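Protein chains: 4
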Amino acid sequence: MRIQVPDQSSGRLSDAWRFCVGTGRFELALRRDYQDSLALIQREVGFRHIRGHGLLSDGVGIYRPYSYQGSRQVRYAFTYVDQVIDAYLELGIAPFIELGFMPRELASGEQTVFWWAGNVTPPSSWTQWAALVRATIAHLVDRYGIDQVRGWPIEVWNEPNLKEFWADADQDVYHLLYEVTASAVKEVDASLQVGGPAISPGADEWLVRFADFVAQRGLPIDFVSRHAYTSGPAQHVPFGVHQTLAPATDLLAQFARPREQLRGSALDGLPVHITEFNSSYRPDNPIHDTAFHAAYLAPVVAGGGDLVDSFAYWTFSDMFEEIGVPTALFHGGFGLLTHRQIKKPTYHLYAFMARMGDQLLARGEDHLVTRDADGRVTVLAWAPVFPAAGDSHLLRLSIPLAGKESGPAFGLRSRVNEQMGNAWAAWNEMGRPLSVRPRQLETLREVAEPVRSHSQLSIAAGRVELDLVLDRHEVTLVEITAVKDETPPWWDDDRMLG
Amino acid sequence: MRIQVPDQSSGRLSDAWRFCVGTGRFELALRRDYQDSLALIQREVGFRHIRGHGLLSDGVGIYRPYSYQGSRQVRYAFTYVDQVIDAYLELGIAPFIELGFMPRELASGEQTVFWWAGNVTPPSSWTQWAALVRATIAHLVDRYGIDQVRGWPIEVWNEPNLKEFWADADQDVYHLLYEVTASAVKEVDASLQVGGPAISPGADEWLVRFADFVAQRGLPIDFVSRHAYTSGPAQHVPFGVHQTLAPATDLLAQFARPREQLRGSALDGLPVHITEFNSSYRPDNPIHDTAFHAAYLAPVVAGGGDLVDSFAYWTFSDMFEEIGVPTALFHGGFGLLTHRQIKKPTYHLYAFMARMGDQLLARGEDHLVTRDADGRVTVLAWAPVFPAAGDSHLLRLSIPLAGKESGPAFGLRSRVNEQMGNAWAAWNEMGRPLSVRPRQLETLREVAEPVRSHSQLSIAAGRVELDLVLDRHEVTLVEITAVKDETPPWWDDDRMLG
Amino acid sequence: MRIQVPDQSSGRLSDAWRFCVGTGRFELALRRDYQDSLALIQREVGFRHIRGHGLLSDGVGIYRPYSYQGSRQVRYAFTYVDQVIDAYLELGIAPFIELGFMPRELASGEQTVFWWAGNVTPPSSWTQWAALVRATIAHLVDRYGIDQVRGWPIEVWNEPNLKEFWADADQDVYHLLYEVTASAVKEVDASLQVGGPAISPGADEWLVRFADFVAQRGLPIDFVSRHAYTSGPAQHVPFGVHQTLAPATDLLAQFARPREQLRGSALDGLPVHITEFNSSYRPDNPIHDTAFHAAYLAPVVAGGGDLVDSFAYWTFSDMFEEIGVPTALFHGGFGLLTHRQIKKPTYHLYAFMARMGDQLLARGEDHLVTRDADGRVTVLAWAPVFPAAGDSHLLRLSIPLAGKESGPAFGLRSRVNEQMGNAWAAWNEMGRPLSVRPRQLETLREVAEPVRSHSQLSIAAGRVELDLVLDRHEVTLVEITAVKDETPPWWDDDRMLG
Amino acid sequence: MRIQVPDQSSGRLSDAWRFCVGTGRFELALRRDYQDSLALIQREVGFRHIRGHGLLSDGVGIYRPYSYQGSRQVRYAFTYVDQVIDAYLELGIAPFIELGFMPRELASGEQTVFWWAGNVTPPSSWTQWAALVRATIAHLVDRYGIDQVRGWPIEVWNEPNLKEFWADADQDVYHLLYEVTASAVKEVDASLQVGGPAISPGADEWLVRFADFVAQRGLPIDFVSRHAYTSGPAQHVPFGVHQTLAPATDLLAQFARPREQLRGSALDGLPVHITEFNSSYRPDNPIHDTAFHAAYLAPVVAGGGDLVDSFAYWTFSDMFEEIGVPTALFHGGFGLLTHRQIKKPTYHLYAFMARMGDQLLARGEDHLVTRDADGRVTVLAWAPVFPAAGDSHLLRLSIPLAGKESGPAFGLRSRVNEQMGNAWAAWNEMGRPLSVRPRQLETLREVAEPVRSHSQLSIAAGRVELDLVLDRHEVTLVEITAVKDETPPWWDDDRMLG
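Chains as they are written, first to last, in the numbering used here: chain A, 749 to 1246; chain B, 749 to 1246; chain C, 749 to 1246; chain D, 749 to 1246.
Hints were generated in silico from the structure; no laboratory data involved.
Treat the hints loosely; a few may be bogus.
Any copy, or any two copies together, can satisfy a pair, since identical chains are not distinguished.
Stated by the list, open to error - Simulated crosslink set (BS3-like; lysine-lysine; CA at most 30 Å straight-line):
{"no.": "1", "residue 1": "Lys911", "residue 2": "Lys1152"}
{"no.": "2", "residue 1": "Lys911", "residue 2": "Lys1232"}
{"no.": "3", "residue 1": "Lys1232", "residue 2": "Lys934"}
{"no.": "4", "residue 1": "Lys1232", "residue 2": "Lys1152"}
{"no.": "5", "residue 1": "Lys911", "residue 2": "Lys934"}
What you are looking at is a predicted structure, and each value in this text was computed from that prediction instead of being measured.
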């Protein structure tokens, strides 16, 4: 059966998918590979915001107590903050600020998270914490201007519902943290946007309690946030894990939860940000590197914007050290890009999204069709992976070319699947080298590009009939433009050799 | 039948193919598009020298007579010469100097060639001409050092056997020009390399007479040069021509002629440079833009080095104005690259050659096989175009992997044919737009890349059996490397989803 | 006597000085040196528009008649137009379009102007001319969008009052040209801005007649334009000229003339653009290279904005060929930059202007004082050159620091004069080499930078007292900022060595 | 008294000063600011090698034990090693390898040094340590080739004579470490260069004992190394220290010690590398940022090459974290450059050295004079700082211009002192801002450049008489070149205005 794509747009395609992207801890942004990757991704995808952990941790070095003439004082040092945010803004991306974790010298305990040892205990002094928050936000406002900083959401802590991230996962103490922090932010400027509680999946009860607390205390809140992942428990092998995955629809269901839960509450109607999402929450699961992953997430990226104001892919780059320094080029990292800018299949899913038009024409379980102001129609298609991916998948579309009844159209197809646009597959074939040689790197860059094909299509009755056969785990982009034929009357292909 | 590629190399692959490349007139090198194209080509191909017309013509502005206190004097101005040669050297390429044409104020007549009006008459003063040559070469030696300039061949004029390029095609006057010019060059430094007569095809009698003249007069000569083209008469259409082409073997026969003719003469054994070659000699023949052209020239580029010391593709870029400013992105120009760096199929033929190893293993009518120091084997294969190209061409090779008896190998294939790596085909499908829009340009850049595929091959008895099916007008590169398998024992593809 | 700079701004500083800058002929913009210079100047000065000759001349190759099946037709080719304007927009500058000169195949005569032979005769067919104008403007609108092109002024021809630029300087024929051209422009889109008559100095009678003609015929007109120069007749030496110069006030008087002349006419109130100005109109007058020139023009650049909507320095770069290829690095060219980006003193005058604030505080015969939104006060000062420059010039200012009663201020001074920031002086000392060596080039770049000094100033009663001694032909920039002292209490300069 | 610089060179100027430079810990090289700084310094100075701590520490992630099927195994991961060394080689600098510190999982104890916690205890397994060393060096040889790696000196540990750097400063255990390590290195390839003991000042007895040990055991050794510093005890203030400094001659004395001590020993004649030197050994002593520092070190950099094979300035950049993240732009760091590439006065000392010729003409207590192959004479002069710097210092030189008896010479002077080329002075005047604003950064970059002046000098009797007045703490470079005068006969400065 051929799907008839309607002539008229049903509205604008949401760009919630590009509102934010995740990153490894704050000071990794000082690295050149990180910035090279971000520059590439901004050129070809173009995210608006970037969010990661560790702004207030010791590696960034903001909180610097010292003793002078017998009294304890604090210097706030923004040496690295300035370098990172200057770099972000030059690259056309702005921070989505996460306030955390605890500077060691302000911490009430020793508990840390990650290889890089972020302290996750409450402050030893709430006054000092508030001062730290105020000093940090005030510095940003002073350096970058309130007009700009007002657009940067500020989130209080990360996944406080997990013991790994917040001592004892104590919600009451988190509520206190929220109150002190949000108030400190608003003291700097009431127009700044603050929110929380940045909970992980599986903590539905937190949000309602949080909403009640905020409402009851009349606290400022500009958005609510949570995370979404679909993987089962980690089955460890050395330097890696394997996990089962719930269907991608489960991700969409997680996206939808906050609005459902807050319906009728005092926080009803607030913007909802999914400040992290991915399949697996592990940075060493090879699934992240595969074509399967792109096909798995395609319906999520194509459709998530109906449910939330943003959903941030965790993370843009494999430059990430939560479980230590990666030991191989492909190591199952979260990144859309590996170290040294090898594009993974999921990178292309985002790059394809960036080529979609802003008018939504159609969306189905295996496709998304848009049009842009110039009349170009763009089709994103994917081979569904659940219940089980077949070796090929057929999609038949009838596509309207606005205002052109007949004549030729130009079609460009870009393919990513088990063989095409798949550097991971090539790396496997190369024998999975831990350290790739320069020539291998060059090869991986080449084979990481989507395979392109092009053809002249026929418009009949204002439509192009498109039959797409997708290979296993394929994500395909087709761009169709009506041709304005400038061929001169004397052109004769048969005379190429006289 | 499967071709058994021998284990042992039969010698080094000559790099005569990359010794030199042609260019439009000298001052076009001041342009950014020109330099962008040359930078790209140097990165991916890497020519040694570059040769074009017009160094001494008015657009470069060297020869500047003036009057002071009643007497006529000459200033030699190297403003543009320095800018161009500085740029060349920064890009890792050195000039192959062609001395010509005649500055208008030193000319004996009005006859010009090309849209840009190069004067092709003998000098009005041989003394002044010699002074101009000396001043120019001395300036180069002074600025760049004799160690460097000694490596830059210096050719006297261009195609003096044609009336268009040398008044009356008068060979005796050319001989005088050669004598005066070669002597002037050697006065600057005896170690400089000078040569000629840079004749076009179809003037076999010139070379013998030239050799006799040089020998008889005891003139300095360090190399001989001629050109090679295979096209028939131009059949004009507006902004274009069509021409018949002789088989590519005819090009090789032309390459071979100088050595044949000079055998036994005083010039026997001198280096021979084919300072221009191409199929058609017209910059408006669309054949230059096609996949046919790459397949047609493949055996020439693969084999020409046996016959001569260099053969220079005419030219690297469509930035070329002999018949005026091009009116469309694809216009049948000589370039390996169009304006704005769209790669043509023939570009890839050169880029593929640049990936060949330096040990020659096998060469046939549809293939060239090499190995490099690391053991990587590279196969260049092409679908023969004469007598008539079929829709597909099969090549079966048995390839030795030095020192590896069994196990996996990694194979990377890069394809260019009527559909793949063929921006011209896409431009045709786009309706042949004269002025391409930015998005079209981006699309053309994308589809101009070869289509890559990769696979894991099996080594058995030290060999990989390779069956290549080539599409119409295809040129293919296959790179094969033995795999050093680093797969850890716990790797299990079946556990990707837990 | 000390000048009391007022506390309150008397208004915004006009930016007419940066609205437009001149350039050599259109296709020179294809050159890399040209684009490198423009990139530098856009980074440090930031002009809005750029205007030069030759868009329609043969070097750009737009007008391309051909014969097909017995009839004469015309192809319009925008190959170079697109490359140039794409480059301009990337560099943040937009064209100020000058329509001229005449394509040779559309010309009614043979008369040309300049070394590059621009044809200056009326069209042989007014219909074909109108078609050429429409096709060109329509192409720009199609490619760049009407929203953008609407902001690009379109000027009809150049200096038609001079026989060199318009056959017989025939005003009636120019009026016809204006009528046909302006109408053709407006046919493309009525919101486009068209104007003229682009007259040279010394043709005051033309403007009134032109205004009458336009009014009487009810023709579209959006701005009027003229040029301004102050040099006397050329006294030739080889490769150069010397000329007397009228005082710079004469330039301001020329700027003021159009508004005076049009007062009460139908064109009263139209924007006035000085589409070219300079001291000498010769591209081989060494005065352009000197510190004198910067000091001479300083009051013009500082004050011209009161009189006109723009005044365009002719030209930004020495990449300019009206009298042929320059024969030396410094050759008296118009450029703010030489070839290879050596900054001339007048470059710094513009770079200093680009650092002025937008609030005008004071302006005098030797100074301009502004403030910006951050409270920074900027002083541009110059040593007057007429009637005769002394060896030093004293300027005493009392400068208000808004909102800061006392404490330190930071002052940065940047100086250009006969010795400082003066590459031409160094080149003279080097023996005036025609072709500079790489090390000399590096030295010239270094000494071309202004000499900077800095100090801590004292604010008393909200003011800083500034005594500036300017050397001969000096232009100085002083930037003063109130200091926010972050020195910690333990700082002790005397303990640097323990 | 005027110093007569001799006509004849007394030999080549040693380039021991540029053989090596110091750096913060290994993985800081991943940062963009670090690489930007190194790129700048390589362009303007050009060091050969770079040496820092931490290659084997956990932040680089090489040593990765894991458990598989019940047994403990080790993976060696070179992810960051490759990224850093690839970057180094691209920037034209090669590692001077320091083997240390101890991976935590291979350590025998908990003791660490620095904010970044390098473990300084002996290995828990000497076998595993040897395996780690072999794997690391073998990887480098495999990736970069033995021809290259053979040129990279390999040093065993850092300052083992200090308890902070080596548990208990136990020399016997260090000897064991040396034996195991040097042997492991040589197992990879006998041509690799290995050395030690990298001792700090004040441990003279170590070197003799080390020499005896190595000789007695017949161990491989290719060079000996030590460090040199001249500061007294740290007098702490918050975020800083003050220290007394011994005269710079004391540094030279320290350089000389190893050769003195080894004279007659088995190690006599081995290359000696001072693998670290500076005034203060503290990264928070503001003396590093001053003009005093450049003048203080000038005689050391000018003369150290007579005493040793290299002496490496510790360090090239303020990107350095041994005592934590710097809290201000200027914070007394070791760097020649601050974060964001502000050049300190000592940077210019090195940049000036890079402009010296290779023939040594004269050296004194306040000057160094060289000539290069082109005849250019270069004078490095400095105002002595001990016993006490005066406000000005006069140096009178008579300088031979080889082969030119009379006529003009071009002189270029570049000055750095308390006011000139001194960004630290400007930063002080700005109120010592911790976090500099973009405009302040731009100003600091501008005022950090040396102040240049130029003049035409007279050659008489083959000599130029040069009187240099140096300001307090000044380092000056003067470059003198004989002028080849190309001034045309018609040039007349008096006719500039006609």
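Tested hints:
1. With identical chains, the CA atoms of Lys911 and Lys1152 are never at most 30 Å apart, being 60 Å at best within one copy and 52 Å at best between copies.
2. Taking identical chains as interchangeable, the C-alpha atoms of Lys911 and Lys1232 are never at most 30 Å apart, the minima being 62 Å within one chain and 43 Å between chains.
3. In this homomeric assembly, Lys1232 and Lys934 come within 30 Å of each other (Cα to Cα) only across copies, at 25 Å, whereas the closest approach inside a single copy is 56 Å.
4. Proximity of Lys1232 and Lys1152 under a CA criterion of 30 Å is satisfied intra-copy only: 10 Å inside one chain copy versus 56 Å between copies.
5. Proximity of Lys911 and Lys934 under a CA criterion of 30 Å is satisfied intra-copy only: 28 Å inside one chain copy versus 50 Å between copies.
Checked against the numbered hints given earlier, the structure breaks hints 1, 2 and satisfies all the rest.
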